[in-house]
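Line by line, the protein sequences give chains A and B. Mapping of the first sequence onto my numbering: position 362 corresponds to residue 362, and the numbering continues sequentially without gaps. Mapping of the second sequence onto my numbering: position 118 corresponds to residue 118, and the numbering continues sequentially without gaps.
I should point out that these hints are in silico values taken from the structure, not numbers from a laboratory. Careful, some of the hints might be misleading.
Stated by the list, open to error - Simulated pairs of lysine-lysine, BS3-like, Cα-Cα distance not exceeding 25 Å:
1. A/LYS225 <-> B/LYS8
2. A/LYS330 <-> A/LYS419
3. B/LYS8 <-> A/LYS224
4. B/LYS100 <-> A/LYS479
5. B/LYS6 <-> A/LYS237
6. B/LYS6 <-> A/LYS419
7. B/LYS140 <-> A/LYS224
8. B/LYS8 <-> B/LYS140
9. A/LYS338 <-> A/LYS348
10. B/LYS6 <-> A/LYS225
11. A/LYS161 <-> A/LYS330
12. B/LYS8 <-> A/LYS427
13. A/LYS103 <-> A/LYS80
14. B/LYS100 <-> B/LYS81
15. B/LYS81 <-> A/LYS479
16. A/LYS225 <-> A/LYS330
17. A/LYS237 <-> B/LYS100
18. A/LYS491 <-> A/LYS427
Said to hold, decoys possible - Computed footprint of chain A on chain B, listed as stretches where at least three residues anywhere in the stretch have a Cβ under 8 Å from a Cβ of chain A:
19. 16-22
20. 93-100
As the list claims (entries may be wrong) - Partial chain B-side listing against chain A, Cβ under 10 Å, derived:
21. THR7
22. LEU144
23. ASP146
Even glycine gets a Cβ: it sits at the ideal position worked out from N, Cα and C.
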Amino acid sequence: MSNTPPLLEQFTNFDFRELPIGVYMTSLDGRFIVANRIVREMLKLPLEGRLDANILQYYANPADRDAAIAEAKRLAAEGKHVDRGILRLKVAGKDLFVEDYCKILQDAEGQVIGFVGCMVDITQSYESRRHEQELRERVDELRFDIGRILHANTTTLVMVKQTLDAVIEAFEPKPYRDMSVPHAQEVETALTEYANLLANAIERLMRSADEQRRLQALTAADWKKLQGYVSFLREYKERIPTPESFPATLRKLANDIGRIHAAIVPGNLARETVREVQNTAWQLERFANLVEVLETRAAVIQMDYTIHSLREFVTTDKREQIPFRHLNVKSLIDECAKRMAEYARSLKIDIDRRDVGELFIMGNERDLLRALSNLLHNAIKYSWRRDPERTKPAWVSVRTFVREKQVHIEFENWGVPIKREEIERGKVFELGYRGELSKDRGRLGTGIGLTDARRVAEAHGGRVEVESHPAFRGLQDEKSAQYYSQPFLTKVTMILPLADGAK
Amino acid sequence: MVKTEKTKVLWVEDSARLELRNLTGPIYISGDYHMNLAEDATSAVRYLQSQVYDAIILDMRLPPGIDDYWIRVYQDRGEDKADARLGLELANWMFNGRAKFPFTPPAWVRQYHVGVFTVENDADLHARLDELGIRVFQHKTAGLADTILIDIIMRILQEQASDRG
């Protein structure tokens, strides 16, 4: 005997099987009266015959069904129908998300007696949408965390830099007037002088007493070490194959000699020769330390900028979009140069802005400052020193000009090449990509500068162009192993529309 | 190829002259070692083919250098040192013949010549090193003493002594 209300009986013989979406009818308590093949397949019900199933058993959360009925009754009382909804069902232990279009069925007195509806399986797209939403939320959280961590690190770097400045200030007498990294040739000359002074002092110490007194002052092993150190100090350029390691290695050596000096038993060797070893070892160690600290300071300033720029980048979308306004390109460049001044000074690089004109563009000042600063930072970072004699400092140049109503802001440097294929294949613009030749000499980077600059330029209706070619006409054979060892002239140009009505 | 009295070391490390330059001081000063630096995969192969070493200290994240094979591997793996793991590829070439580098590895080189010195320290890397039979491993962290290279060399030499029985 069927429990189907009489009014619904008439529908039970309807053939919904050929319809391309799931069609169903249930009583108020959820028993299926009709379900076509699509619904039966979805719910893994028998494909033929009468049904003995209740939709309630498929609800992932049965309370949803009660809420749906209550809502349907409420709407019915207002003469309305239930609209589209997403149902989360469970079939054989797995989630089934369906988009459900449902109408209530009422008897003559207006009482709700059941539902008729159709449903579409949207599990796949719903799950991927839900997954996407979860990922989006996670990315947002991460961006927030990264922003906070980067901010905290920037604060730490300020402390580190100030401490390094104080340490450098404490070096007296100062061999350098400013806090910039000295040229390698200059370092080598000074190191050689200090190393020779120390070697001379050790030799004098060894001659200052007879063997018996010498062995009362230090062990035979220590004397042997000192003898070896004299040779090392005289030949350090041959013994240390990489000039970058000269200061660190000689510092270590001077420190070792200082330790041996501290072990000298007093009263056996001429006091002034002992003191001379101590002083000259200290001078060498001090100078090598100063060079290392100056280099570390330059690296910290660079790291500070890198972290700042990364933070700006990851939090860009979080900031309120402000309307474009008239901006003077010269003011933008002046501000970028101001931001980069300390970094440029630490590397003894001048920023040449002689050809920057008063031109106007429409734009977002903050984004443009970030993007242009990144381009200037890159130009400084990837510069080589042009003049080994140090008669004039290295420089990067910034110039602006207008061509076909477009403002060209061009940054040019002399130094690290960018490979042709990296430019042609657009690799330099890929997020996180760092030029193959850009990572020498410990240059830090995030690989976002050019990506961000291009995004900002495009958001302003512009673009960024990159070119890099040998600075001299000499070596033009790209297959030569030396081709990319020579200095290149690299130009990175941001091209932006000239503001309407501007000169 | 006659061995000199000094221990011959090859350090394959692209940061050897820069960030890690403090680590070379004790090696040079001691006078007990003859050390070559290879800053990319191409240079590493050239050194390995031209000399016999007592110890090879191998980084995992290396740039390719100028050889087409290493450039291709590097490009195929997304042009990123961390993903390319060319140091591991060098070890594959030396020990299990899986690398397709078309040159025979030097006949003298054995797993006990190699110590891995890298910032990586994950289970996958350890599994691969185990599979290759490389037992000396040192995680590169900021807190290491400046004598760490000498320590690694000593461990490699001990490994050789125990392996040779």
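Here is how each hint holds up against the structure:
For the hint pairing A/LYS225 with B/LYS8, the CA-to-CA distance comes to about 21 Å; that is within 25 Å, so the pair holds. Restraint check for A/LYS330 and A/LYS419: the C-alpha separation of about 31 Å exceeds 25 Å, so the hint is violated. Using a Cα cut-off of 25 Å, the hinted pair B/LYS8 and A/LYS224 holds, with the two alpha carbons roughly 23 Å apart. A C-alpha spacing of about 23 Å is found between B/LYS100 and A/LYS479, which places the hinted pair at or below 25 Å, so the restraint holds.
Between B/LYS6 and A/LYS237, the direct Cα distance comes to roughly 19 Å. Compliance with the 25 Å bound is thereby established for this hinted pair. Between the alpha carbons of B/LYS6 and A/LYS419 the distance comes to roughly 40 Å, so the proposed pair goes past 25 Å and is violated. Distance check on the hinted pair: B/LYS140 and A/LYS224 sit about 33 Å apart at the alpha-carbon level, beyond 25 Å; violated. A C-alpha spacing of about 22 Å is found between B/LYS8 and B/LYS140, which places the hinted pair at or below 25 Å, so the restraint holds.
The suggested pairing of A/LYS338 with A/LYS348 holds, with an alpha-carbon distance near 15 Å, which does not exceed 25 Å. Our distance criterion of 25 Å between C-alpha atoms is met by B/LYS6 and A/LYS225, whose separation comes to about 17 Å. Distance check on the hinted pair: A/LYS161 and A/LYS330 sit about 30 Å apart at the alpha-carbon level, beyond 25 Å; violated. A hinted pair counts as satisfied when its Cα atoms are at most 25 Å apart, and B/LYS8 with A/LYS427 does not qualify at roughly 40 Å.
Proposed proximity of A/LYS103 and A/LYS80 is supported: the alpha carbons are some 9 Å apart, at most 25 Å. Only pairs whose Cα atoms come within 25 Å are accepted, and B/LYS100 paired with B/LYS81 is accepted, the gap being roughly 19 Å. Restraint check: the Cα-Cα separation between B/LYS81 and A/LYS479 comes to about 23 Å, which is no more than 25 Å; the hinted pair holds. For the suggested pair A/LYS225 and A/LYS330, the alpha carbons sit about 62 Å apart, so the restraint of at most 25 Å is broken.
With a CA separation close to 39 Å, the supplied pair A/LYS237 and B/LYS100 exceeds the 25 Å bound. Distance hint between A/LYS491 and A/LYS427 is fulfilled; the C-alpha atoms sit about 16 Å from each other, no more than 25 Å. Here's how the segment 16-22 of chain B fares: 6 of its residues keep a CB closer than 8 Å to some CB of chain A, so the rule of at least three is met and the hint holds. Check result for the segment 93-100 of chain B against chain A: violated, 0 residues qualifying (beta carbon to beta carbon below 8 Å, three or more required).
With its C-beta approaching chain A no nearer than about 15 Å, B/THR7 sits outside the 10 Å limit, and its interface hint is violated. Given hint, B/LEU144 at the interface with chain A, is violated; its Cβ is 14 Å from that chain's nearest Cβ, farther than 10 Å. A hinted interface residue such as B/ASP146 counts as satisfied when its beta carbon comes closer than 10 Å to some beta carbon of chain A; here the least separation is about 7 Å, so the hint holds.
In this structure, the earlier hints numbered 2, 6, 7, 11, 12, 16, 17, 20, 21 and 22 are contradicted, and the remaining ones agree with it.
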